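Asks: In our numbering, the protein residues as written are 4 to 254.
It is possible that some hints are incorrect.
What the hints assert, rightly or not - Quick list of in silico lysine to aspartate or glutamate cross-link-like pairs, EDC-like style, CA-CA up to 16 Å:
no., residue 1, residue 2
1, K188, E212
2, K40, E72
3, K181, E75
4, K188, D219
5, K215, D191
6, K188, E221
7, K246, D50
8, K40, D238
9, K171, E72
10, K119, D191
11, K119, E250
12, K119, E252
13, K40, E235
14, K171, E75
15, K246, E221
16, K171, D69
17, K171, D66
18, K119, D219
19, K246, D219
Said to hold, decoys possible - Pair by pair, the computed Cβ-Cβ distance ranges are:
no., residue 1, residue 2, range
20, P242, N37, 20 to 28 Å
21, F216, L245, 25 to 33 Å
22, F6, W168, 37 to 45 Å
Keep in mind that the hints were calculated from the coordinates and are not lab data.
Note that the structure is predicted; figures quoted are calculated from it, not measured.
Quick reminder that beta carbons are idealized off the backbone N, C-alpha and C, glycines included.
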Amino acid sequence: MPFTQNPDGTNIHYEVIGEGPPLVLQHGLLSDLNTWKSRGYVDALQDTFQLILIDSRGHGESDKPDQSEAYELRARITDLATVLNALEINQAHYMGYSMGGWMGYGITIYMPQRFKSLVIGGFGPFRVGRTGPLTEEQKQARWETMVSAVTTNAHRTRALQEFPWAIKHCRDALDTWKGARQALKVGDLPLLMFAGTEEPNSSPIDMPEVLKFRADAEFFSVEGANHIETIEAVDVVAPRVLKFLAEIEGR
Numbered sequence: 004m005p006f007t008q009n010p011d012g013t014n015i016h017y018e019v020i021g022e023g024p025p026l027v028l029q030h031g032l033l034s035d036l037n038t039w040k041s042r043g044y045v046d047a048l049q050d051t052f053q054l055i056l057i058d059s060r061g062h063g064e065s066d067k068p069d070q071s072e073a074y075e076l077r078a079r080i081t082d083l084a085t086v087l088n089a090l091e092i093n094q095a096h097y098m099g100y101s102m103g104g105w106m107g108y109g110i111t112i113y114m115p116q117r118f119k120s121l122v123i124g125g126f127g128p129f130r131v132g133r134t135g136p137l138t139e140e141q142k143q144a145r146w147e148t149m150v151s152a153v154t155t156n157a158h159r160t161r162a163l164q165e166f167p168w169a170i171k172h173c174r175d176a177l178d179t180w181k182g183a184r185q186a187l188k189v190g191d192l193p194l195l196m197f198a199g200t201e202e203p204n205s206s207p208i209d210m211p212e213v214l215k216f217r218a219d220a221e222f223f224s225v226e227g228a229n230h231i232e233t234i235e236a237v238d239v240v241a242p243r244v245l246k247f248l249a250e251i252e253g254r
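Work out the full structure, taking the sequences as your base and the hints as a guide.
Replies: This is the structure in C-alpha cells:
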C-alpha cells in the first residue's frame with residue numbers, strides 16, 4: 004500500500020495500475036480511488052495508460068487532518084506533485100471529476116508545468132465566482148441535497164459518519180471557490196471538459212463558456228445524466244477521454 008508524504012506532513016495514499024503514458028485519476032467528494040475501479044475506468048484505460056489513482060486528503064487511506072487550511076486548493080495540488088515526485092514522473096495527464104475537477108482547475112493556477120493535459124468533469128470552472136458568494140442557506144441546502152443523494156451508498160455514508168471533520172473541511176474549501184477564468188484564459192494545457200445535461204451544479208453552463216476564449220478546448224455533454232450518472236457513464240466518457248489523450252500523445 005504505497006504512501007508518500009506532502010511537505011506539510013500529510014500522508015497521501017496512491018496506487019499505480021497499467022503501463023503507458025502516466026495518467027492521474029482524481030476522485031470526487033465522498034469517494035476514493037477505488038471508485039475508478041468499480042465504475043470501470045481502470046478496465047477501460049489501463050491497457051493504454053499507467054494509471055495513478057490517488058486518495059485525496061480527507062478520503063480513503065490518506066490522512067484526514069482537522070485544520071480547514073489543510074484542505075485549501077494549493078495544498079491539494081502539492082499532493083499531486085508529491086505523488087509524481089515519489090514515482091519520478093516529470094509530467095502526467097490528469098483526469099478529475101467533481102472535487103477532482105476542482106483540483107484540475109487548480110493545476111492551471113498553481114502547477115501547469117507538471118501536466119500534459121487536463122480532463123475535467125462535473126465541476127464548473129467559474130461556479131461561485133460567476134454568481135457571487137453562496138449564502139449560508141444556499142450552502143446548507145446544497146449540502147443537504149448532496150447528502151440525500153449519497154446516503155444510499157454504504158461507502159459514502161461511512162465517510163460522512165466516520166470522518167465528518169474532513170468532509171466538512173473539503174466542503175468548505177469547495178464553497179470558497181472563486182473560479183479559474185484568468186488561469187484558463189492564459190493557460191495552454193490541452194483541455195477536455197464534460198458534464199451531464201441534468202447536473203444540479205453550474206458545470207453544464209460554465210464549461211461551454213470556456214470555448215469562447217479557448218477555441219482549442221473541448222466539451223461534451225452526457226445526455227440526461229445527473230452528477231452521479233455522468234461519471235458512471237463510462238461507456239460514454241472513457242472513449243472520449245481515450246480519443247483526446249491519443250491525439251495529444253500522437254502530436
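Asks: 20 to 28 Å was suggested as the range; check whether the CB atoms of P242 and N37 agree with it.
Replies: holds, 22 Å
Asks: Check the hint pairing K119 with E252 against an upper bound of 16 Å on the C-alpha distance.
Replies: holds, 9 Å
Asks: Given the hinted pair K246 and E221, is their Cα-Cα distance within 16 Å?
Replies: Status holds; Cα separation ~12 Å.
Asks: Checking one constraint from the list: CA of K40 to CA of E235, max 16 Å. Satisfied?
Replies: holds, 11 Å
Asks: What's the verdict on K181 and E75, does the C-alpha distance respect the 16 Å limit or exceed it?
Replies: holds, 12 Å
Asks: Hey, K119 versus D191, does the alpha-carbon distance stay inside 16 Å?
Replies: Holds. K119 to D191 sits at ~10 Å (cutoff 16 Å).
Asks: Decide if the proposed pair is consistent with the structure: K40 and E72, CA atoms, cutoff 16 Å inclusive.
Replies: This hinted pair is violated, its Cα atoms lying about 30 Å apart.
Asks: Between K119 and E250, is the straight-line Cα distance small enough, at 16 Å or below?
Replies: holds, 12 Å
Asks: Sort out whether E221 lies within 16 Å of K188, counting only the CA atoms.
Replies: holds, 14 Å
Asks: Under the criterion that the straight-line Cα-Cα distance not exceed 16 Å, is the pair K40, D238 satisfied?
Replies: holds, 14 Å
Asks: Hey, K171 versus D66, does the alpha-carbon distance stay inside 16 Å?
Replies: Distance of about 15 Å is within 16 Å: holds.
Asks: Within 25 to 33 Å or not, the Cβ separation of F216 and L245?
Replies: holds, 27 Å
Consistency with the previously given hints fails for numbers 2, 22, ordered from lowest to highest.
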